[in-house]
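Engineer: Next come the chains, spelled out residue by residue.
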Amino acid sequence: DAGVTQSPTHLIKTRGQHVTLRCSPISGHKSVSWYQQVLGQGPQFIFQYYEKEERGRGNFPDRFSARQFPNYSSELNVNALLLGDSALYLCASSVTGNSPLHFGNGTRLTVT
Amino acid sequence: GQQLNQSPQSMFIQEGEDVSMNCTSSSIFNTWLWYKQDPGEGPVLLIALYKAGELTSNGRLTAQFGITRKDSFLNISASIPSDVGIYFCAGQMRNNQGGKLIFGQGTELSVKP
Chain U
-13 DAGVTQSPTH
-3 LIKTRGQHVT
7 LRCSPISGHK
17 SVSWYQQVLG
27 QGPQFIFQYY
37 EKEERGRGNF
47 PDRFSARQFP
57 NYSSELNVNA
67 LLLGDSALYL
77 CASSVTGNSP
87 LHFGNGTRLT
97 VT
Chain C
-16 GQQLNQSPQS
-6 MFIQEGEDVS
4 MNCTSSSIFN
14 TWLWYKQDPG
24 EGPVLLIALY
34 KAGELTSNGR
44 LTAQFGITRK
54 DSFLNISASI
64 PSDVGIYFCA
74 GQMRNNQGGK
84 LIFGQGTELS
94 VKP
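These protein sequences, in sequence, are chains U and C.
Just so you know, we're using our numbering here: the first sequence kicks off at -13 and counts up by one.
Just so you know, we're using our numbering here: the second sequence kicks off at -16 and counts up by one.
With the rest of the complex left out, here is chain U:
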């Protein structure tokens, strides 16, 4: 069975640019969450979506936005990129909004 898939795996952007990261959940999972992991730290919660509705938002600026599509896949968008946005962005899916999360392998974003 396919796990959580994320694309692209790596991305290099310049300050001020925009980026879109994509995530496909495990089949049957209706909730998708996004986390940011800076080197040497644990993942930090950005967003959670369940049944296409936003169910939670972490302490991130409005430059970060996300959405979930009818097929339960999701996109994370980041505008006006800053150097500090360089991180591993992890997508996780779960059966419901309260079930244990299963993570993808992430998108490594580098902002120069």
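Hints are supplied without guarantee of correctness; some may be wrong.
Distance condition first, Cα-Cα at most 30 Å in a straight line; then the derived BS3-like pairs of lysine-lysine [said to hold, decoys possible]:
| no. | chain 1 | residue 1 | chain 2 | residue 2 |
| --- | --- | --- | --- | --- |
| 1 | C | Lys34 | U | Lys16 |
| 2 | C | Lys34 | C | Lys53 |
| 3 | U | Lys16 | U | Lys38 |
| 4 | U | Lys16 | C | Lys53 |
| 5 | U | Lys38 | U | Lys(-1) |
Quick list of the computed label-pair ranges, beta carbon to beta carbon [as the list claims (entries may be wrong)]:
| no. | chain 1 | residue 1 | chain 2 | residue 2 | range |
| --- | --- | --- | --- | --- | --- |
| 6 | C | Val67 | U | His(-4) | 21 to 29 Å |
| 7 | C | Asp1 | U | Gln27 | 21 to 29 Å |
| 8 | C | Ser10 | U | Gln27 | 12 to 20 Å |
| 9 | C | Ser10 | U | Gln3 | 32 to 40 Å |
| 10 | C | Ile11 | U | Glu40 | 18 to 26 Å |
Hints are computed from structural coordinates only; laboratory data are not their basis.
As the structure is a computational prediction, the values presented were derived from the model and not from experiment.
Cβ atoms here follow ideal geometry from the backbone N, Cα and C, with glycine treated the same way.
For chain U, the structure is supplied; the task is to place chain C on it using the hints.
Structural biologist: Just chain C now, with coordinates in the frame of chain U:
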């Protein structure tokens, strides 16, 4: 951002030794989870705990949900080289708004053959 206090930060052990790591919080959680992350990969779920006092095993791994609901422990028995990686605890407060995870800083485990 908010994080749990996880210790130790790193461990260097000999193959065959047992390992213990723990996680504490000032907040109460109703679920504790333990993940392992290998380089270049996402965290993989090892154990999920749902009830205060619960003790759960997964092979050589055993984890406990603290009675106060503010802490959790993970033990690995008879370590092997493939146990190498970073172990994260995570607390989850499940409610009708969903259940975001709060992660610890991680424990980096090195196993010497």
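Engineer: Provide an ascending list of the numbers of those earlier hints which the structure does not satisfy.
Structural biologist: none
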